[in-house]
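Q: Here are the chains, one letter per residue:
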Amino acid sequence: MFDVNKIRKDFPILSRQVNGKPLVYFDNAATSQTPQQVIDVIVDYYSNYNANIHRGVHTLSQEATDKYEAARLTIQQHFNAKHAYEIILTSGTTHSINLVANGFATLLQKGDELIVSALEHHSNIVPWQMLCEKTGAILKVIPMTLEGELDMNVYTKLLSEKTKLVFVNHISNALGTINPIATIIKQAHQVGAAVLIDGAQACPHIKPDIQALDVDFYVTSAHKICGPTGVGMLYGKEEWLNKMQPYQGGGEMIDQVSFEKTTYAGLPHKFEAGTPNICGGIAFGAAIDYMNAIGFDQIATYEHELLEYGTKKLLEIEGLKIYGTSKNKTSVISFNVDGIHPYDVGTLLDKMGIAVRTGHHCAQPIMDFYNIPGTIRASFAFYNTKAEIDALVEGVKKAKMMLS
Amino acid sequence: MQTIKEIQDDIIDEFSMFEDWEERYQYMIDLGKTLPLIAPEYKTEDNIIKGCQSKVWVHAELKDDKIVFTADSDAIITKGIIAILIRVFSNQHPKNIIEANTDFIDAIGLKEHLSPTRANGLVSMIKQIKMYAIAYQTQLQ
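These protein sequence lines map, in sequence, to chains A and B. Following my numbering from start to finish, the first sequence increments by one per residue and tops out at 404. Following my numbering from start to finish, the second sequence increments by one per residue and tops out at 141.
In case anyone wonders, no lab produced these hints; they're calculated from the structure. Among these hints, one or two may not hold up.
As the list claims (entries may be wrong) - Listed below are several chain A residues computed to face chain B (Cβ distance under 10 angstroms; list not exhaustive):
hint, residue
1, ASN5
2, GLY20
3, ILE294
4, THR311
5, LEU314
6, GLU318
7, GLY319
8, LYS321
9, PRO342
10, TYR343
11, ASP344
12, GLY346
13, THR347
14, GLY359
15, ASN371
16, LEU403
Unchecked claim - Restraint-style ranges between C-beta atoms, simulated for each label pair:
hint, chain 1, residue 1, chain 2, residue 2, range
17, B, SER124, A, LYS134, 28 to 34 angstroms
18, B, GLU112, A, GLU238, 29 to 35 angstroms
19, A, GLN298, B, LYS33, 45 to 51 angstroms
20, B, LYS33, A, VAL154, 39 to 45 angstroms
21, B, TRP21, A, GLN190, 55 to 61 angstroms
22, B, THR34, A, ARG16, 49 to 55 angstroms
23, A, ALA84, B, ALA107, 37 to 43 angstroms
24, A, ASN5, B, GLU19, 33 to 39 angstroms
25, A, GLY111, B, SER124, 50 to 56 angstroms
26, A, ASP44, B, ALA135, 54 to 60 angstroms
27, A, LEU315, B, TRP21, 26 to 32 angstroms
As the list claims (entries may be wrong) - Restricting the straight-line Cα-Cα distance to at most 16 angstroms, the calculated cross-link-like pairs of lysine to aspartate or glutamate (EDC-like) are:
hint, chain 1, residue 1, chain 2, residue 2
28, A, LYS398, B, GLU61
29, A, LYS21, B, GLU22
30, B, LYS130, B, GLU22
31, A, LYS398, B, ASP20
32, B, LYS111, A, ASP255
These figures come from a predicted structure and were not determined experimentally. Idealized CB from N, CA, C, for every residue including glycine.
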């Protein structure tokens with residue numbers, strides 16, 4: 001039985017005050033909050049078995065290695081990857097994307113085509129532009145519609161034998177649109193292109209099935225799903241990971257080193273140079289366990305309820321416009337109030353203890369499409385409540401009154 | 001002619017009358033709404049200081065031995081703070097602008113607006129004001 005009041009007790013931060021008001025945290029799409037269960041794992045790591053992994057013969061190193069590799073298995077099972085060694089632990093989504101972009105530098109030729117969507121976060125645009133500069137490959141863009149959906153007809157036309165790689169987010173961070181990734185992947189595979197899905201915004205809401213999707217790369221960050229910052233994952237199909245050059249050289253990623261020749265370690269270590277975020281990796285596993293104990297079906301149902309309630313309530317405010325009106329969207333509401341700069345609304349909401357994100361959300365092409373400087377984005381998590389949405393609505397009304 | 005320090009003290013006095021954040025912000029919003037700040041011909045790409053969230057335009061010219069600043073922003077709270085900064089720094093001698101500090105912003109409870117995370121262009125605006133002062137000071141010598 002889903003009980004939001006009971007769940008809220010797991011999150012110490014939700015009981016704090018901001019500017020003398022109870023915190024209303026609606027910036028979950030940027031960073032989710034951390035439950036005590038995950039905080040305990042972090043404290044336990046540093047209190048009891050903090051050590052470097054994989055090569056120490058001593059007990060602490062063995063314990064840390066076991067827990068770290070157990071976390072990798074948890075992640076593998078959660079995403080239903082075929083092999084645990086296809087899960088590369090990284091510092092987060094951005095690192096994961098850069099790792100793949102770097103790995104493709106030797107696999108592309110001048111004139112090859114890459115396809116990106118108009119709905120991407122800058123982190124799923126810039127690394128590919130850098131790759132294009134390096135290789136002479138050409139970047140094509142799937143346009144978006146006014147509702148904030150991808151124009152799939154154009155996508156189909158963009159695909160050709162020249163297409164080598166397609167990268168799209170599972171869910172748009174700025175608008176919340178759920179993209180039709182199963183179709184995107186299937187069509188890309190028909191022309192022999194690989195697909196990378198940026199799952200940073202999807203993982204807090206959906207449990208993706210990597211094998212069912214048959215996706216080539218899937219990337220995400222732990223801090224979006226109740227885990228710590230600075231850790232994330234790259235899932236890569238074994239055959240692609242074997243083809244790709246390592247991203248960074250260093251310890252951990254080698255087999256043999258001499259000044260004449262170095263051979264690389266096998267997967268996943270080939271892509272995990274240096275001492276990783278060990279505690280973070282273990283806590284990532286714990287966060288997945290926490291989310292699964294609540295259940296993604298329950299989470300999705302409840303968040304949808306919040307989305308519908310929030311949408312209805314916010315639209316009652318005169319002059320308020322929501323950007324991203326797809327029927328397929330998660331609990332993200334991106335909006336503006338007529339004639340008022342989002343920064344002003346965000347500043348006043350903060351004074352009322354309400355945390356929202358304002359600005360372009362690292363997705364400037366979307367803001368340019370709508371010809372706006374930015375939006376106010378309220379993103380709801382399973383630990384938010386309708387009462388908090390009421391506080392937001394009252395806050396926006398008050399800000400509007402002060403600013404008009 | 002008031003000195004920069006005297007103007008800052010006046011502003012601190014005025015802000016001390018406000019009882020809560022709402023009065024403080026309403027005052028800044030009203031400042032932002034009412035003040036004519038910059039001539040349209042100076043609202044150019046060259047004069048823009050890009051914050052991540054709000055834009056700020058600054059124009060400076062020397063009149064006799066004093067710098068006159070005009071500025072604008074697309075966000076009204078930012079504009080209100082600009083109005084305060086202009087009241088402090090405009091019509092002052094470059095040397096005095098270079099030597100002035102901005103501690104009064106802390107004293108009137110607006111320090112958070114100068115935090116780098118706000119990305120509103122204000123920190124850069126103050127830097128820009130000082131840069132103009134240094135440039136004009138050199139010109140005067």
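Q: Does each hint fit the structure? Answer for all of them.
A: Here is what the structure says about each hint:
no.: 1; hint: ASN5; result: violated, 30 angstroms
no.: 2; hint: GLY20; result: holds, 9 angstroms
no.: 3; hint: ILE294; result: violated, 31 angstroms
no.: 4; hint: THR311; result: violated, 24 angstroms
no.: 5; hint: LEU314; result: violated, 21 angstroms
no.: 6; hint: GLU318; result: violated, 19 angstroms
no.: 7; hint: GLY319; result: violated, 15 angstroms
no.: 8; hint: LYS321; result: violated, 17 angstroms
no.: 9; hint: PRO342; result: holds, 8 angstroms
no.: 10; hint: TYR343; result: holds, 4 angstroms
no.: 11; hint: ASP344; result: holds, 5 angstroms
no.: 12; hint: GLY346; result: holds, 8 angstroms
no.: 13; hint: THR347; result: holds, 5 angstroms
no.: 14; hint: GLY359; result: holds, 5 angstroms
no.: 15; hint: ASN371; result: violated, 13 angstroms
no.: 16; hint: LEU403; result: holds, 6 angstroms
no.: 17; hint: SER124/B x LYS134/A: 28 to 34 angstroms; result: holds, 32 angstroms
no.: 18; hint: GLU112/B x GLU238/A: 29 to 35 angstroms; result: violated, 49 angstroms
no.: 19; hint: GLN298/A x LYS33/B: 45 to 51 angstroms; result: holds, 47 angstroms
no.: 20; hint: LYS33/B x VAL154/A: 39 to 45 angstroms; result: holds, 43 angstroms
no.: 21; hint: TRP21/B x GLN190/A: 55 to 61 angstroms; result: holds, 58 angstroms
no.: 22; hint: THR34/B x ARG16/A: 49 to 55 angstroms; result: violated, 37 angstroms
no.: 23; hint: ALA84/A x ALA107/B: 37 to 43 angstroms; result: violated, 58 angstroms
no.: 24; hint: ASN5/A x GLU19/B: 33 to 39 angstroms; result: holds, 35 angstroms
no.: 25; hint: GLY111/A x SER124/B: 50 to 56 angstroms; result: violated, 41 angstroms
no.: 26; hint: ASP44/A x ALA135/B: 54 to 60 angstroms; result: holds, 58 angstroms
no.: 27; hint: LEU315/A x TRP21/B: 26 to 32 angstroms; result: holds, 28 angstroms
no.: 28; hint: LYS398/A x GLU61/B; result: violated, 39 angstroms
no.: 29; hint: LYS21/A x GLU22/B; result: holds, 14 angstroms
no.: 30; hint: LYS130/B x GLU22/B; result: violated, 31 angstroms
no.: 31; hint: LYS398/A x ASP20/B; result: holds, 15 angstroms
no.: 32; hint: LYS111/B x ASP255/A; result: violated, 53 angstroms
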